[in-house]
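A.B. asks: Sequence:
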Amino acid sequence: MKTASLILLLLAGVLLGACTTNPVTGESELALVPESSELEIGRKQYAPSRQMQGGDYTADKRLSAYVKAVGKRLAAVSDRKLPYEFAIVNDSSPNAWALPGGKIAVNRGLLVELDSEAELAAVLGHEIVHAAARHSAQGIERGMLLQGVLTAVRVAARNTGYSDLAVGAAGVGANLINQRYSREAELESDHFGMIYMRRAGYDPQAAVDLQKTFVRLNSNRDQNWITGLFASHPPSPERVEKNRESAAGMAKGGKLGRQEYQRMIAALKRSKPAYAAYDEGVKA
1 MKTASLILLL LAGVLLGACT TNPVTGESEL ALVPESSELE IGRKQYAPSR QMQGGDYTAD
61 KRLSAYVKAV GKRLAAVSDR KLPYEFAIVN DSSPNAWALP GGKIAVNRGL LVELDSEAEL
121 AAVLGHEIVH AAARHSAQGI ERGMLLQGVL TAVRVAARNT GYSDLAVGAA GVGANLINQR
181 YSREAELESD HFGMIYMRRA GYDPQAAVDL QKTFVRLNSN RDQNWITGLF ASHPPSPERV
241 EKNRESAAGM AKGGKLGRQE YQRMIAALKR SKPAYAAYDE GVKA
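In terms of the numbering used here, the sequence shown has 230 at position 230, counting the first letter as 1, and numbering is strictly consecutive.
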């Protein structure tokens, strides 16, 4: 027990010396992962992560340039300057994700489900906040803290006959906590993502409409959505209401860009049945 107590004391000392201010929320928080590590993780994992999910979508270079331009427009008004990058992943599942350091991707399958450039801005703004507010880094930090606790549990239970049971249960907890973004992180990304939309000239109401669509699709239990965006970004009526409250406190109007967006994804929509047939072939 003495060794376990020493480990916990050392862990407490690390925590006390690792406080910083979140660049997006302005709140004090732990920062066990320095920005240099965030940048390194994003740089090293960005290409492999895209490759594992089908690689980059390269069939329409104009569409890729368009998505990057919308992303850069939002990144320019972010509260945290990072080497943001944006890519389309050649995957039919409706999904989008962000790695530490501002490395962001949106799947081909999500683009065909969006209605306007403003809805695309809502998706990308949300992911920018995940990177800027250190949500992925916070997940890594939770894992680090849990590993420290697991070490203490292992030492404390070493000679009791219950070591495997104690560590195994704590390990399951660690996996559950890091399985997806927390409710707080999702609401935070929605709120500040809408602020970025407003700063970049987009109509934040599009973020409300987008979440309403997601809630409807989730209620229909579309397996394609559940295994895609909804797995890590679960929609809820609460998110719709919070987005509506955020929009009510912002200036009305802004760019929607529906016609331009639909023109940009027209070829992608035409090829959707072919991709669906290919996906069925792979599944078979």
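Mixed in with the good hints there might be a few duds.
Stated by the list, open to error - Calculated pairs, BS3-like style, for lysine-lysine (alpha carbon to alpha carbon, straight line, at most 30 Å):
#  : residue 1 : residue 2
1  : K269      : K68
2  : K255      : K269
3  : K283      : K272
4  : K61       : K269
5  : K61       : K81
6  : K272      : K255
7  : K255      : K242
8  : K72       : K272
9  : K68       : K272
10 : K283      : K242
11 : K283      : K72
12 : K72       : K212
13 : K72       : K61
14 : K283      : K255
What the hints contain is simulated information worked out from the structure, not anything from laboratory work.
A.B. asks: With reference to the structure, classify each hint as holding or not holding.
C.D. replies: Results for each hint:
1. Restraint check for K269 and K68: the C-alpha separation of about 19 Å stays at or below 30 Å, so the hint holds.
2. Proximity of K255 to K269 is assessed by CA-CA distance (about 23 Å); at most 30 Å being required, the pair is judged to hold.
3. For the hint pairing K283 with K272, the CA-to-CA distance comes to about 16 Å; that is within 30 Å, so the pair holds.
4. Of the pairs offered as hints, the one joining K61 and K269 holds, with about 15 Å between alpha carbons and a cut-off of 30 Å not exceeded.
5. The hinted pair formed by K61 and K81 meets the criterion: a straight-line CA distance of about 26 Å does not exceed 30 Å.
6. For the proposed pair K272 and K255, the alpha carbon gap of about 27 Å is at most 30 Å, so the pair holds.
7. A hinted pair counts as satisfied when its Cα atoms are at most 30 Å apart, and K255 with K242 qualifies at roughly 21 Å.
8. Between K72 and K272 the alpha-carbon distance is near 27 Å, which keeps this suggested pair within the 30 Å criterion.
9. The suggested pairing of K68 with K272 holds, with an alpha-carbon distance near 21 Å, which does not exceed 30 Å.
10. Taking the CA atoms of K283 and K242, the gap is near 38 Å; set against the 30 Å cutoff, the hint is violated.
11. This hinted pair does not check out: K283 and K72 have alpha carbons roughly 36 Å apart, beyond 30 Å.
12. Simply put, K72 and K212 have alpha-carbon atoms about 26 Å apart, close enough for the 30 Å limit, and the pair holds.
13. Between K72 and K61, the direct Cα distance comes to roughly 16 Å. Compliance with the 30 Å bound is thereby established for this hinted pair.
14. As the CA atoms of K283 and K255 are separated by approximately 40 Å, the hinted pair breaks the 30 Å bound.
When each numbered hint is compared with the structure, violations occur for hints 10, 11, 14.
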